[in-house]
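From first to last, the protein sequence lines are chains D and Z. Mind the numbering: the first sequence is residues 1 to 590 in this note's numbering, read in order. Mind the numbering: the second sequence is residues 1 to 440 in this note's numbering, read in order.
A portion of the hints provided could be inaccurate.
When the alpha-carbon atoms are kept at most 30 Å apart in a straight line, the in silico DSSO-like pairs for lysine-lysine are as follows [said to hold, decoys possible]:
hint : chain 1 : residue 1 : chain 2 : residue 2
1    : Z       : LYS408    : D       : LYS574
2    : Z       : LYS365    : D       : LYS549
3    : D       : LYS550    : Z       : LYS381
4    : D       : LYS574    : Z       : LYS422
5    : D       : LYS66     : Z       : LYS248
6    : D       : LYS549    : Z       : LYS372
7    : D       : LYS550    : Z       : LYS372
8    : Z       : LYS381    : Z       : LYS422
9    : Z       : LYS408    : D       : LYS549
10   : D       : LYS568    : Z       : LYS422
11   : D       : LYS550    : Z       : LYS408
12   : D       : LYS549    : Z       : LYS59
13   : Z       : LYS184    : Z       : LYS231
14   : Z       : LYS408    : D       : LYS66
15   : D       : LYS199    : D       : LYS459
16   : D       : LYS459    : D       : LYS290
17   : D       : LYS203    : D       : LYS185
18   : Z       : LYS381    : D       : LYS285
19   : Z       : LYS231    : D       : LYS285
20   : Z       : LYS59     : D       : LYS66
21   : D       : LYS210    : D       : LYS383
22   : Z       : LYS394    : D       : LYS549
23   : Z       : LYS422    : D       : LYS550
24   : D       : LYS550    : Z       : LYS394
25   : Z       : LYS394    : Z       : LYS365
26   : D       : LYS123    : D       : LYS290
27   : D       : LYS290    : Z       : LYS365
Partner residues aside, some chain D positions facing chain Z, computed with beta carbon under 7 Å [to be verified]:
hint : residue
28   : VAL12
29   : LYS66
30   : LEU98
31   : GLU278
32   : GLN346
33   : LEU348
34   : ALA363
35   : GLN430
36   : TYR564
No lab work stands behind these hints: they were computed from the structure. Yeah, the Cβ is synthetic: ideal placement off N, Cα and C, and Gly gets one too.
Read off the chains here:
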Amino acid sequence: MAHSLESRVLAVNGPLITVEVIRGHHIMMNEVAYVMHGDIGLKAEVIRIRGNMAYIQVFENTVGVKVGDPVVFTDELLSATLGPGMLGQIYDGLQNPLNELDNIQGFFLRRGHYLSALDTSKKWEFTPLVTQGARVKAGQYLGRVSEGMFDHHIMVPLALQGGFEVMDIAGPGSYTVEDMIATLKNAEGRESPVSMKQKWPIKLPIRAYKERLLPDRPLLTQCRMIDIFFPIAEGGTACIPGPFGAGKTVLQQIISRYAQADIVIIVACGERAGEVVETIRDFPKLEDPKTGRSLMDRTVIICNTSSMPVAAREASIYTGVTLGEYYRQLGLKVLLLADSTSRWAQALRESSARMEEIPGEEAFPAYLESRIAAIYERAGLVKLYNDVTGSLTMIGSVSPAGGNFEEPVTQNTLKVVGAFYGLSRARSDQRRYPAIDPMISWSIYLKQMEASLSLLHPKWRTLIEEARELLYRGNDIHQMMLVIGEESISIEDLIILLKAETVDAVCLQQDSFDAVDRATPRERQVDDFLLLMDMVHTTFSFENREECKKEMTRLRNNFFQMKYYPFKSDGYQKYRQEIREILEERVKVE
Amino acid sequence: MIVEYTQITSIQGDIIAVEAKDIRYGELAAVRSRLRTSLAQVIRLRGNEVLLQVFAGAKGISTGDRVRFLGHPMQVTYGDAMLGRVFNGSGLPLDAGPDLRSYPRHEVGGPSVNPVKRIIPRGFIETRVPMIDVFNPLVESQKLPIFAAAGEPYNELLTRVGIRANADVVILGGIGLKHDEYLKFRHAFEEAGVLPRTVMFIHTASDPVVERLLVPDMSLALAEQFGVSGKRVLVLLSDMTAFADAMKEVAISMDQVPSNLGYPGSLYSDLAARYEKAVDFEGAGSITILAVTTMPGDDVTHPVPDNTGYITEGQFYLKNGVVEPFGSLSRLKQLVVGSVTREDHGYIMNSMIRLFARSREVEQKLAMGFEKTEDDERFLKYGRLFYDRFMDLKVDIGLNSALDLGWKTLAECFNPDEVGIKQSMIDGYWPGQGRSEFGD
Ligand SMILES: Nc1ncnc2c1ncn2[C@@H]1O[C@H](COP(=O)(O)OP(=O)(O)OP(=O)(O)O)[C@@H](O)[C@H]1O
Ligand SMILES: [Mg+2]
Chain D
1 MAHSLESRVL AVNGPLITVE VIRGHHIMMN EVAYVMHGDI GLKAEVIRIR GNMAYIQVFE
61 NTVGVKVGDP VVFTDELLSA TLGPGMLGQI YDGLQNPLNE LDNIQGFFLR RGHYLSALDT
121 SKKWEFTPLV TQGARVKAGQ YLGRVSEGMF DHHIMVPLAL QGGFEVMDIA GPGSYTVEDM
181 IATLKNAEGR ESPVSMKQKW PIKLPIRAYK ERLLPDRPLL TQCRMIDIFF PIAEGGTACI
241 PGPFGAGKTV LQQIISRYAQ ADIVIIVACG ERAGEVVETI RDFPKLEDPK TGRSLMDRTV
301 IICNTSSMPV AAREASIYTG VTLGEYYRQL GLKVLLLADS TSRWAQALRE SSARMEEIPG
361 EEAFPAYLES RIAAIYERAG LVKLYNDVTG SLTMIGSVSP AGGNFEEPVT QNTLKVVGAF
421 YGLSRARSDQ RRYPAIDPMI SWSIYLKQME ASLSLLHPKW RTLIEEAREL LYRGNDIHQM
481 MLVIGEESIS IEDLIILLKA ETVDAVCLQQ DSFDAVDRAT PRERQVDDFL LLMDMVHTTF
541 SFENREECKK EMTRLRNNFF QMKYYPFKSD GYQKYRQEIR EILEERVKVE
Chain Z
1 MIVEYTQITS IQGDIIAVEA KDIRYGELAA VRSRLRTSLA QVIRLRGNEV LLQVFAGAKG
61 ISTGDRVRFL GHPMQVTYGD AMLGRVFNGS GLPLDAGPDL RSYPRHEVGG PSVNPVKRII
121 PRGFIETRVP MIDVFNPLVE SQKLPIFAAA GEPYNELLTR VGIRANADVV ILGGIGLKHD
181 EYLKFRHAFE EAGVLPRTVM FIHTASDPVV ERLLVPDMSL ALAEQFGVSG KRVLVLLSDM
241 TAFADAMKEV AISMDQVPSN LGYPGSLYSD LAARYEKAVD FEGAGSITIL AVTTMPGDDV
301 THPVPDNTGY ITEGQFYLKN GVVEPFGSLS RLKQLVVGSV TREDHGYIMN SMIRLFARSR
361 EVEQKLAMGF EKTEDDERFL KYGRLFYDRF MDLKVDIGLN SALDLGWKTL AECFNPDEVG
421 IKQSMIDGYW PGQGRSEFGD
């Protein structure tokens, strides 16, 4: 081995490279390093240090690397670049803008090419918000630029520790993200120049706020099953486990379009490229009904699909969360969707296996549990220094091996999230979409948000519980019927069963591909649900089974037809009226 | 100067170790033993120790054999001259055709396509198999496996779809293929006139196991070249479970900790790296992948079909000689259903399956000895019609005829308010309501 002044490759095992570090050089855990290969450097992260050996995980294919190739350490942690200009971007897991790469590289992603995450030539119209002499600390605003529909506040860099005095602040004018807009001085008199762009190590949470608040208000997704039965809170967390093809991605896609968030961050983590393409190509054309702008203007896509390097997949979720926390610092309502966290866990498993760590359950490393917890813990509702609230809500899908929820990723995720949307094969096989199984799913937020939900209807929570009770009973009766036969159940039970099926068909099931049905605004959710509950509360009595089935089918069909008409349209009103009449008729019979 | 190394220090499974310097990770080597010369690939470097995976297997390799490094990773020849030819997993001709060594060569297992260079696929591929066309339509650039237990006619289905798909170039990758099956493919392609635009990479069951690993990579690397040059390519792979089993063998010889039933923890990524080659290029051609995944013990939760299902864009589940409506799925269907295909397509597709689920339930119930109600009767009838008109693989009709037949079948068994279809569609298509047209 050449004993030169450089650190060099000692061993190559796929993306794991062992480096002999030159004596006297200090290296840092999670530091970024580059393996020099011809005229390119392959980006890597230090994941273990032992004596003078560093184990680095390369974010690229390592074909062609030789023992003895030089390795350069950068003295920087793996970081995200934050600032104006991220909205509408499509990044890879390391925050390379894929659109820019495309201009340079054509069809394929060539390794070793890294570009700035932010456009460094674009000028932003800056307005200062502080004056010289102001006392500030990390996360406090120095000024703002407007980015699309948002005020993008420029803050004291989050990585700066302690208190500062503003020595100098730029006047109103246009600046690039690299221009200096302020100079800060700390207590020791050290000066730090500040631009609009900053870096933050992706694996550490951003904590520049006054306090964390208990998530107590809903984040509307416009998916009825979620909003009504298993609501998610602003700043809350949820997971969507389900076997392949059960509908995790479609559910996430529909949420990414219609959720009432300010910013949506989509992390396509180790899944199909084709699915991201749908988002990339459709979003610019879709209008955000709230703002009238393109959906892309509120979206950031982090895309490290399954054939992209596995190590970068591990980083992609952290990159997404870091961006989410950053926007939360701006006082925005951020929603992060990660599909799928199992692929991230598998990336951990692959690197753990290469490092020959002692494997735990299903060969996942023992630290899987704490890593999962640490990620979801970064979600939350916070009160910022200026008393404005910001939130980061996280919904991750989980892809359990064999569709069996008893596996480590699902189980460890369930321990930390506030809502569980379990998709079942049985429901997806029957095309009952979204295939969230109401029998097993739960949300702690229904109770936690009771005060704000009761504004919808004074007895909202009670009604939901009644509806769920009905679904449970309907399910029991259905099971019983399969065992003892339809003829052996009472007509009363049959009515319960048919009521439950109606609730299922018209409320729980929602067709993601129907222009009207795919998103239900809150007002309609409430109106339709209350009408449905009127049906549930109505006492029916029938002469015989035949009449019972016939009448209940007619009623259900009316509800069913109604849901495909736009809210309050003529067709909608017509079916609503018909349902009312049928129900009132019943009351008269009483 | 060509350096030959002779210090083979260990042999384990099909992995050999040799002492050598200045070797690149992933490069190829030729291992010359008493019986033959075999290709091998560098799969690990540790100081001067180089681990090589020998494609022809390590049987008969001695510690004194010679290893020559080639300085480049695995490559595939590209050119129209490849069409109509048959090669083995390492890319050597198996037929008597001319030598292709002068043609350009491209590395296999290259980088992924930049997602922003992909477009949303919209090309509906009509197969005239109603279970596919109506319920799980195949779309150009889709990656889709046929899940089947041993003994199911999966290769027949593969052949049939392969011929119907009307691709510019068909690439057949045979992995652990029985020789008879290979001949059947060849014969069917010949009859249909597809052979002149077909390239075959054939690894048969009697060839060395590790060589299987090359077949998907060779097939897909070639497909990529054709695709970039504007061709619509269809890649047929049979059987990807044999490919996964070869990976398992290698992992075990490397003492890797298995994650599930002996398969390496990277199984998902390894399979995805192949399947993700399916693509619709912006401004160029496309690659569609149709594969066979045999299910050991007919178990979908077995790691190979399970991981595959998580990667591919749906699956055709072949069971008892028919494409099962439950468990089969085309995830790209929404890109064509009702927009590229007829407006009523989506409604027929969903409603017929939902009702078929009921008829299965009724069957189960009756099998348990319960009395038959009038309702049951109708569902049974529906189930029978559904089987005969749609599921039976002998049925060979176009999509629109199949949709019309769907409405007819519904009307023969149910009232319009029982099928859960929105009124405007019922008004337009329910037989006897006016405008339904029959025939293709
Ligand atoms: N809400 C829905 N409405 C209509 N169809 C749906 C819905 N959800 C899922 N589907 C159908 O099921 C298919 C599979 O859904 P999806 O891709 O979301 O599954 P998944 O759970 O993400 O699977 P994987 O784990 O393999 O990624 C879709 O392509 C679509 O055809
Ligand atoms: Mg998915």
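Exercise for the section: Could you check the structure against the hints above and give me the numbers of any it violates, in ascending order? Expected result: 12, 14, 15, 18, 22, 24, 27, 33
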